[in-house]
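Chains as they are written, first to last, in this note's numbering: chain H, 1 to 573; chain S, 1001 to 1206.
Worth flagging that the hints you see were computed from the coordinates, not collected in a lab. Honestly, I wouldn't trust all of these hints.
Stated by the list, open to error - Label pairs and their calculated CB-CB ranges:
(1) GLU1059/S to ARG472/H: 55 to 63 Å
(2) PHE16/H to ARG1173/S: 47 to 55 Å
(3) PHE511/H to SER1121/S: 54 to 62 Å
(4) LEU121/H to ARG1100/S: 53 to 61 Å
(5) ARG1173/S to ILE445/H: 53 to 61 Å
Unchecked claim - In silico SDA-like cross-links for lysine to any residue, where the CA-CA straight-line distance does not exceed 20 Å:
(6) LYS120/H to PHE1039/S
(7) LYS120/H to GLN1177/S
(8) LYS196/H to LYS1126/S
(9) LYS515/H to ASN439/H
(10) LYS120/H to ARG1050/S
(11) LYS120/H to LEU25/H
(12) LYS519/H to TYR508/H
(13) LYS120/H to PRO1017/S
(14) LYS1126/S to GLY238/H
(15) LYS196/H to TYR508/H
(16) LYS515/H to TYR14/H
(17) LYS196/H to PRO1015/S
(18) LYS120/H to ASP1174/S
(19) LYS61/H to GLU76/H
(20) LYS196/H to PRO1017/S
(21) LYS196/H to VAL1018/S
What the hints assert, rightly or not - Partial pick of chain S residues on the chain H-facing surface, computed with a CB cut under 10 Å:
(22) PHE1031
(23) SER1034
(24) GLU1035
(25) ALA1041
(26) PHE1148
(27) HIS1152
(28) LEU1194
Note that the Cβ used here is the ideal one computed from N, Cα and C, for glycine as well.
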Amino acid sequence: MSAANPPDSFLRRYVFSLDHKTIGLQYTITSLFFLLGGFCLMALMRWQLAYPGQPLPYLGKLFGENAMPGGVMQPEFYNQLGAMHGTIMVFLGVVPLAVGGFGNYLIPLQVGARDMAFPKLNMLSYWIYLCGGILMLAGFAMPGGAAQSGWTSYPPLADLATSGQTIWLLAMVFVITSSLFGSINFIVTIVQLRAKGMEFFRLPFFIHAQLVTAFLLLLAFPPLEAASVLQLMDRLAGTSFFLPTGLVVSGEKLAVAGGGSPLLWQHLFWFLAHPEVYVLILPAMGIITEVIATNTRKPVWNYRLLVYSVLFLGFMSFTVWAHHMFMTGMGTGMSTFFQITTMIISIPSIVVLTCIVMSLWGASIRFTVPMLFALAFLPMFGIGGLTGLPLGLSASDIYLHDSYYVVGHFHYVVAPGTLFALFAGIYHWYPKATGRQMNATLGKIHFWGSIIAINGVFMPMFIQGIAGLSRRLYDPTIYAHGRVIQPLNVFISISAWTLGLFQLPFIYNFFASLKRGEKALENPWASTTLEWAAPSPPPHGNFESAPVVYRSPYEYSVPGAATDFSPQWRAEA
Amino acid sequence: MSDSSSSLIPHITEPHPVTQMTNGRLAMWLFLASETMLFGALFSSYFLIRAGAAQWPPEGGRAGDYLSIPSASLNTLLLLASSAAIALAVRAARSGSLSRYRMLMGLNVLLALAFLGIKGSEYAQKLHHGHLPSTNNFYGIYFALTGFHALHVIGGAAVNGYLATLGGALWNRDREQLICRAGNASLYWQFVDLIWLLLFASLYLF
């Protein structure tokens, strides 16, 4: 910024900032809090699952006589925790961190722009997200508590649920509006604001992943916005969009006009929510690629194939939604179509993972903390992906549907998959954002504790699911087949609480390193992409002079070059 | 502040050499893509519920027996005229006439308000006769789809009203940017118009 401008006020700099980096950090911090909150809800549920009907010592009294009389969790409260855990983790935690946080911070830096295309829209999208998040939490203060119809809000249950569901729908409209503004901003920035010489095939893979993600957000979220408003009308204006004729509730015929279709909600919801799965995973793949390229000191294997795969993945993700609905009786023709598309979409995912694994071949790997998380991502995402195949085929899905097997499957993709990638990203770009390194010893404690505990949480769920345990049971011991495997629930709960303990070193490290971390220069990892050309932390406007791009993104160990990395911004090899 | 940050960002008024578009124009196309998905979901819901019904409208007859085709036809004419007005307003701004730009943009807003007035009186009649969204899904769909569309008209009219009055002050500071803004507003308005034509055809006539 030129000296003629007056210095920004405190509010403009830190609260209502227009700078993409500040907004990115606001997203990061906010979503980390939501992730912690969503984790705590689950940690509470795990008590009921491990010790059904027993009073929770000490903490149980905090939740009042309605939710936990005498410390014993009520079924309604359990359902609220489950619905809100899913909603918070997906819509207020992982997506805002992966897209709002990392995307906002890194996209302008990596494409060589001075800011996002629309800084005010960017600020607006953060504040709408925050309002939506607070509104979502306010659901707990409603009579009857928060939404309790699962994160999928299937009608007729959700149409008839307590008023917390209305708050859920309103909050979703906020969150969707926020991501709409964000995605438009991302696409315009990537298309229009690239630095001189930054061609499409010179963009880092992270940018390609974010570009496809932004298109998914842009095109997949509006149907849920429409569906949310239709469900709101069902609840508030008495329409019957999702209520069939002659619905009987508690022995009485419901007094509505009828003629609606519960299946319609499922189609609209999953038309959003399957692309949403790729919104959760693509930015993670982008982060992993950056971290692995830097720490293997060699080019990413078959960069172009990665890019084509991710484009194909984005396109195909719009054609697989009904594989969540094999149990609804939508017909074998529909099931066949969606099984075929589901098998097709597994191919590009495997290609992406293969490219990243092949990048390790013959590398001299630096085992930094971000690299540990990135390496762990590969087998964890692999397990998550491969256990998804039996769910994509209707014959095996009919057995496994709605069991703990499903819970294990998608958590392997999102928790030790995406979340580990996000941790890798935080450790990797922390020195860029703050000018200081995070402590490596604490980072390693965080990593090893987390990877062991998280497998302790999700691996037994496959066994529970195959044994037939339903994922929505408030008391897993009411059936004989559940009582046999109940010790697994105790083991899972203890692993989950242990996992929580191992996040403490991370939380301490995150804040303490702001002051005490080892000082970092602009390029501490000796990386090649443009964000490392800017000072750490980058000033408003990012670059001292407009960067020019001379080469592709991952030119490590170029034969004959002076150093083992040839940055994109350096003219000579 | 806005001046210092806009100087950081290229292609606000001069098009990008490859895409041939300004940032705002590309953003508006993307927004319309998203809107297409929004209305696509609403129309799909309508067709799915209609296909599942024993007869449509549920009480027999044709849609015109329940909805007012004359007032919807008048509304169609009003919206088409407003689209023409905003397109001519952009052309007037390009040719350098601020007064004609303001006049035509103002005309667009007046026509939009007339549209909303007629729509409102239609709603009032329905409610007066006890035809509520909860009566049956025919009315539910009618209120949901036309309501969504009316919200888009209100939003667009508010922006166009701003551009015709206070926003027009940009004329002296940065004329190019005002023309870009008016052009994007016009693009949005044509989309709202198009959605109305589809609504008119599928709700009232088909």
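Cross-check of the supplied hints:
no.: 1; hint: GLU1059/S to ARG472/H: 55 to 63 Å; in the structure: violated (40 Å)
no.: 2; hint: PHE16/H to ARG1173/S: 47 to 55 Å; in the structure: violated (23 Å)
no.: 3; hint: PHE511/H to SER1121/S: 54 to 62 Å; in the structure: holds (60 Å)
no.: 4; hint: LEU121/H to ARG1100/S: 53 to 61 Å; in the structure: violated (30 Å)
no.: 5; hint: ARG1173/S to ILE445/H: 53 to 61 Å; in the structure: holds (57 Å)
no.: 6; hint: LYS120/H to PHE1039/S; in the structure: violated (27 Å)
no.: 7; hint: LYS120/H to GLN1177/S; in the structure: holds (16 Å)
no.: 8; hint: LYS196/H to LYS1126/S; in the structure: violated (59 Å)
no.: 9; hint: LYS515/H to ASN439/H; in the structure: holds (12 Å)
no.: 10; hint: LYS120/H to ARG1050/S; in the structure: violated (42 Å)
no.: 11; hint: LYS120/H to LEU25/H; in the structure: holds (16 Å)
no.: 12; hint: LYS519/H to TYR508/H; in the structure: holds (18 Å)
no.: 13; hint: LYS120/H to PRO1017/S; in the structure: violated (25 Å)
no.: 14; hint: LYS1126/S to GLY238/H; in the structure: holds (16 Å)
no.: 15; hint: LYS196/H to TYR508/H; in the structure: violated (41 Å)
no.: 16; hint: LYS515/H to TYR14/H; in the structure: holds (18 Å)
no.: 17; hint: LYS196/H to PRO1015/S; in the structure: holds (15 Å)
no.: 18; hint: LYS120/H to ASP1174/S; in the structure: holds (19 Å)
no.: 19; hint: LYS61/H to GLU76/H; in the structure: holds (17 Å)
no.: 20; hint: LYS196/H to PRO1017/S; in the structure: holds (12 Å)
no.: 21; hint: LYS196/H to VAL1018/S; in the structure: holds (12 Å)
no.: 22; hint: PHE1031; in the structure: holds (6 Å)
no.: 23; hint: SER1034; in the structure: holds (5 Å)
no.: 24; hint: GLU1035; in the structure: holds (7 Å)
no.: 25; hint: ALA1041; in the structure: holds (4 Å)
no.: 26; hint: PHE1148; in the structure: holds (7 Å)
no.: 27; hint: HIS1152; in the structure: violated (13 Å)
no.: 28; hint: LEU1194; in the structure: violated (16 Å)
The structure fails hints 1, 2, 4, 6, 8, 10, 13, 15, 27 and 28 (numbered hints given earlier, in ascending order).
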